[in-house]
Each structure stands twice: as C-alpha cells, then as structure tokens.
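There are 2 protein chains.
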Amino acid sequence: MPGQPAAAAAFDFAGWTAHQLGRVEMALSSWVTADSPADLGHPMRYAVLDGGKRLRPLLVLAAAETGQPADRAASDDAATRAACAVELIHAYSLVHDDMPCMDNDVLRRGKPTVHVQFGEAQALLAGDALQALAFELLVPGDDALPAALSAHLCRQLALAAGVHGMAGGQAIDLASVGLKLTQAELERMHRLKTGALLQASVMMGAACAEVGAEQLCHLSDYGRHLGLAFQVVDDVLDVVADTQTLGKTAGKDAESDKPTFVSLLGLQGAQSYASALIDQAHAALAASQLPNTAALHALAELVGGRTH
Amino acid sequence: MPGQPAAAAAFDFAGWTAHQLGRVEMALSSWVTADSPADLGHPMRYAVLDGGKRLRPLLVLAAAETGQPADRAASDDAATRAACAVELIHAYSLVHDDMPCMDNDVLRRGKPTVHVQFGEAQALLAGDALQALAFELLVPGDDALPAALSAHLCRQLALAAGVHGMAGGQAIDLASVGLKLTQAELERMHRLKTGALLQASVMMGAACAEVGAEQLCHLSDYGRHLGLAFQVVDDVLDVVADTQTLGKTAGKDAESDKPTFVSLLGLQGAQSYASALIDQAHAALAASQLPNTAALHALAELVGGRTH
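So the protein sequences, as listed, match chains A and B. So that you can map any letter, position 287 of the first sequence is 303 in the numbering used here, and since no number is skipped, the others follow by simple counting. So that you can map any letter, position 53 of the second sequence is 69 in the numbering used here, and since no number is skipped, the others follow by simple counting.
If you're looking for bench data, these hints aren't it; they were derived computationally from the structure. Any given hint might turn out to be false.
Copies of the same chain look alike in the list, so a pair counts if it fits in one copy or across any two.
[Unchecked claim] Distance condition first, Cα-Cα at most 20 Å in a straight line; then the derived SDA-like pairs of lysine to any residue:
hint, residue 1, residue 2
1, K127, Q287
2, K69, D28
3, K127, L283
4, K196, A30
5, K69, L190
6, K69, P162
7, K69, R171
8, K196, A229
9, K69, A229
10, K69, A302
11, K127, D66
12, K127, C233
13, K196, S279
No experiment lies behind these values; they were computed from the predicted model shown.
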C-alpha cells in the first residue's frame with residue numbers, strides 16, 4: 017500500500033486499540049457523571065458510554081503519538097481530554113440528530129435512542145449539556161493544561177462543531193433530501209457534517225503533542241481524506257449491511273431519499289472511491305515524514321475496511 | 017439605598033446603556049453572519065438580533081468597568097467578545113426552550129419563535145451552532161486575547177451553560193411541573209437555570225478587566241443576588257403583566273402548573289423578596305470597594321424594577 021512504512025506491519029493495532037479504548041472509556045465515565053440536577057447525567061451517560069467505536073478519540077490519541085512534546089505526561093493528559101471532548105461533541109450530535117424533528121431514528125448502537133429512552137426534552141438538554149462539557153474538559157480548572165493549548169483546542173473544536181462545520185453540514189443534509197446533488201455538493205456536505213470533526217480530531221491530537229506547522233499540513237490532508245472516506249464507506253454500508261450488523265436502522269438513506277455516494281457513483285464506484293481516498297490518506301502520512309504513524313495508518317485501514 | 021455611592025446619582029445610565037447596546041448589537045451582527053451552509057445563519061441571526069434586552073452583555077460590560085486592566089483596549093475587546101458569548105448562550109437556550117418538546121412557546125419578544133418561523137430541525141441546529149459560536153468568539157484566531165484569558169472565559173462559560181448550570185436547571189424545571197417545591201428547591205433550580213449565566217456574566221466581565229481575587233468574591237455575591245432577584249421578578253411579571261407588555265405569552269407558569277415564587281410567597285411576598293435581594297446586590301458592590309460600579313448599581317435597579 018503506497019506510503020505505508022514496513023514497520024507498520026509489526027504494529028500491534030489490536031493491542032494499541034484495546035489500551036487506548038480502556039483509557040478513553042475510563043476518562044469518559046469519570047467526566048460524564050451520573051450525579052447531576054434532575055438526573056440529567058443519566059441520559060448524558062447513556063448517550064456517551066458503552067457502545068461507540070470511538071474513532072474520533074482514537075484519531076486524537078494516534079495523532080498525539082506522532083509528536084515529540086517537551087513533557088510527555090502533560091501531552092498525554094491533554095490528548096485524553098481532547099479525545100473525550102471530540103467524542104462528547106460526536107455523541108451530542110447523534111442525540112440531536114436522532115430526534116423526531118431530525119432523522120427520527122429509534123435505534124442507535126443496537127439500543128433505543130436517547131429520546132426514546134428518556135423523552136425528547138431530556139434528550140435535547142442532555143445534548144446541549146454534552147456540548148458544554150466538551151469545552152469544559154479542554155480547560156481543566158487546575159491549570160493542568162497550558163492555557164495556550166486549552167485555548168487552541170477550544171477554538172479547533174468550536175470551529176469543527178459550529179455553523180461552518182458539523183452543524184452547518186447537518187443543515188445542508190436536511191435541505192438536500194430529495195434533491196439531486198453533484199459530487200462536489202455531496203462532498204461539501206460531508207466535509208462539514210462528519211469530515212470537520214474527524215479532521216479536527218487529528219489536528220487536536222497533533223496540537224497536544226506539539227507537531228510542527230509544516231507537518232500539521234500533511235496531517236490535515238490525512239484527516240481530510242480519511243474523513244471523506246469514512247462517509248463514502250458509510251453510504252456503502254447503508255446499502256450492503258443489514259440492521260443487525262450496523263447497530264442502527266439500515267437502508268435509511270435510500271428510504272428517506274437522501275443523496276449518497278452510492279446513488280451518485282454506483283456501489284462499485286463508491287467502493288473504489290473509498291479505496292482511493294484511503295490511499296491518499298496513507299500518502300499524506302508518508303509525506304509528513306513524522307515518526308510513529310503506525311496507529312494513524314492502521315486507523316485509515318480500519319475506516320476503509322470497516323463493516324460497522 | 018444601602019451601599020450606593022452618592023456619585024451614582026449623577027451617572028447617565030440611559031446614555032451608558034445606549035452606547036453599550038450599540039457596541040453589542042454591532043458585534044453580534046458582525047459575528048453571527050447570514051453567509052452560511054444551507055442558510056443556517058438565518059435562524060441564528062433571527063434568534064440573536066433585534067429584540068433582546070441584552071441584560072447579560074450589559075452585566076459583562078458593566079463588570080469590566082470596575083477593573084484597572086494593564087491594557088484598556090485589549091480589555092475592552094475581550095469584554096465585547098465575552099458579552100456576545102454569554103448572549104449567544106442565552107439566545108440558544110431560548111430557541112431550544114421554546115421548542116414543542118420543551119415549553120412549546122410560539123411567541124418570543126413579540127415575534128414567532130424560531131421553530132415556528134424556520135421549523136424544528138433548523139431551530140435545533142441553529143441553537144447548537146450558537147453554542148459552538150459562543151466558544152469560538154472567546155478564542156479569536158489572531159491571538160487578539162491573551163490565551164490565559166480565553167481559556168478562563170471558556171471554562172466559566174462552559175460551567176455556567178452545562179449540566180451543573182443552565183442545562184441542569186432546565187432539567188430541574190422540567191421535572192418540577194406539578195410538584196410542590198420548597199423555597200430552597202425553587203431557588204436551586206433558578207440559581208442553575210438563569211442565575212449561573214447571569215453570575216458568570218459578571219465574573220467574565222471582571223476577568224476581562226483583571227479585577228483582583230478578593231473583589232471577585234464580592235462581585236460573585238452581587239451576581240448571585242441579582243440572578244435570583246431576576247427570576248423572582250420574572251415570576252411576579254408572569255402574574256401581573258399582560259402578553260403585549262411582556263413580549264411573550266403571559267400566565268404560562270400558572271397555566272402549566274409550574275412552581276413559582278408567587279405561588280410560594282404570594283404576590284406581595286415575592287415583591288418584597290425581590291427588593292431584599294436587590295438591596296443585597298447593592299451591599300455586595302459596596303463591600304467590594306471597587307471604583308466605577310455605577311453601571312452595576314443601575315443594572316441591579318433595572319432588574320428590580322423592570323416591567324418586561
């Protein structure tokens with residue numbers, strides 16, 4: 017595969033992932049607490065814990081391994097916080113996206129969606145509170161993170177989540193139902209809706225580890241290609257996977273007349289496009305000449321080949 | 017009135033307010049732009065511009081006048097950003113709060129609510145994007161604010177907006193319909209639901225102007241008393257004002273069987289309690305021995321005596 021160093025073959029990705037997932041789950045569980053006014057922490061924990069693939073946190077942590085920070089322990093702490101922050105933003109977006117006024121989905125990760133389980137009002141508030149908590153995590157009260165890093169991470173996350181990122185992409189998505197989009201229009205939607213946060217995950221991890229400006233550009237390319245590949249694969253899976261494998265209702269896109277890469281390029285065309293994007297992600301990593309990119313390489317492979 | 021310096025009598029509050037409102041409206045209009053994916057900026061602008069009393073921004077700007085910052089221009093810029101950030105959080109909370117799954121209100125500031133005007137999905141997304149934008153404003157990309165101040169403001173805002181602040185208070189509110197609350201329980205709800213953001217407004221303004229730690233404690237007291245007074249007056253107004261004066265549907269609380277200070281203390285009792293809280297706010301200002309508290313004094317008077 018182009019650009020992948022030979023050393024990556026020896027990388028124990030399963031072991032790495034298990035270790036990092038343990039780190040993320042423990043941190044999320046400690047920061048999203050049940051102890052809360054009117055039990056609002058319960059739908060928050062339900063939305064966040066037990067079941068996510070944690071792709072975004074893994075991207076943060078993998079990107080943080082490519083740098084040479086002056087203080088590794090401080091960098092690790094920052095990366096854990098950034099990993100959890102991007103996951104909280106992702107989790108809140110799913111809660112709101114599943115609501116009746118949006119996608120009206122009743123099943124998520126094989127469980128009832130938050131509004132089905134807790135009611136719409138609690139779902140709305142839990143999502144709102146998760147977004148606030150994401151920013152809170154990035155600025156610990158005890159000065160554990162350098163203020164410049166906290167501020168930088170807050171800005172990256174706000175941009176990725178906001179009107180010119182995820183929320184704007186969802187607005188395009190809503191406005192596009194039943195429309196015939198060009199490939200460029202479809203890509204713009206996905207670059208905002210899911211790509212921005214995936215790319216921000218990479219960039220935030222790199223910032224935690226003090227990766228240099230020039231190398232950041234290559235990581236940005238990696239994140240952009242990977243982010244788009246993720247969505248193309250998602251569209252493929254919506255067609256080929258059944259509901260049980262997917263953990264959410266399959267065939268929703270076609271049913272709701274949403275434009276997809278499959279409807280635009282055909283099934284095989286979409287699969288080829290995903291492969292090409294993953295190759296580009298690998299090439300960007302190679303161009304960065306950064307050390308310790310094995311986890312980022314493996315995550316790109318995972319995105320390209322995932323079954324759910 | 018206790019604690020109010022004689023100089024305050026000469027303070028041109030109307031002139032001050034007009035000047036600060038102009039500053040806030042111009043900044044909000046420039047930062048909440050119409051140019052956006054799928055026109056999501058339109059419901060965002062509709063929610064934010066033209067019609068708010070801007071109490072929270074005025075508190076930020078008034079508190080920022082009490083400090084002696086090393087760089088006044090930089091402090092003013094920070095305060096403008098903080099003022100707009102708290103208003104965006106307030107605005108998003110109103111958008112979500114008005115939705116059918118929450119208070120189901122169709123009228124706000126004399127206009128159709130956002131979901132009535134733009135649909136529920138756009139309202140949900142516009143609110144989400146406004147929250148993200150609030151944090152974005154606090155971290156300008158050009159290093160215009162010191163990173164330590166940006167980070168501090170982000171943390172204050174996240175805490176005030178989140179599960180142990182505004183969102184948690186709204187969860188208590190929802191869970192309290194039809195229940196008989198004690199005064200302590202009612203106060204806890206309001207300290208979170210509206211008090212936290214009002215108090216944060218004062219503290220964020222003070223942080224922008226480098227107010228010292230001991231004096232911050234007094235300003236914190238001021239903000240707490242004022243925040244609670246605001247809600248007591250709100251309950252009084254819900255009973256005595258008509259819909260046209262209020263700009264929103266009057267009598268909603270009694271109709272929806274929500275506990276209020278009026279139902280707990282009676283109309284006159286609630287009015288007396290509001291006056292006592294405003295007196296405490298003035299006393300906290302006097303205890304701070306800060307200069308230039310005339311605007312904060314006048315805002316407390318405004319909260320105590322407002323008709324809408």
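A quick look at each hint next to the structure:
1. K127 / Q287: neither (29 Å within a copy, 49 Å between copies)
2. K69 / D28: This pair counts as within: shortest intra-copy Cα distance 18 Å, inter-copy 59 Å.
3. K127 / L283: neither (28 Å within a copy, 48 Å between copies)
4. K196 / A30: This pair counts as neither: shortest intra-copy Cα distance 41 Å, inter-copy 54 Å.
5. K69 / L190: neither (25 Å within a copy, 32 Å between copies)
6. K69 / P162: neither (29 Å within a copy, 37 Å between copies)
7. K69 / R171: neither (25 Å within a copy, 28 Å between copies)
8. K196 / A229: Neither way: K196 and A229 sit 39 Å apart in one copy and 59 Å across, limit 20 Å.
9. K69 / A229: neither (30 Å within a copy, 44 Å between copies)
10. K69 / A302: neither (26 Å within a copy, 55 Å between copies)
11. K127 / D66: within (10 Å within a copy, 43 Å between copies)
12. K127 / C233: Answer is neither: 39 Å inside a copy and 46 Å across each miss the 20 Å cutoff.
13. K196 / S279: within (10 Å within a copy, 56 Å between copies)
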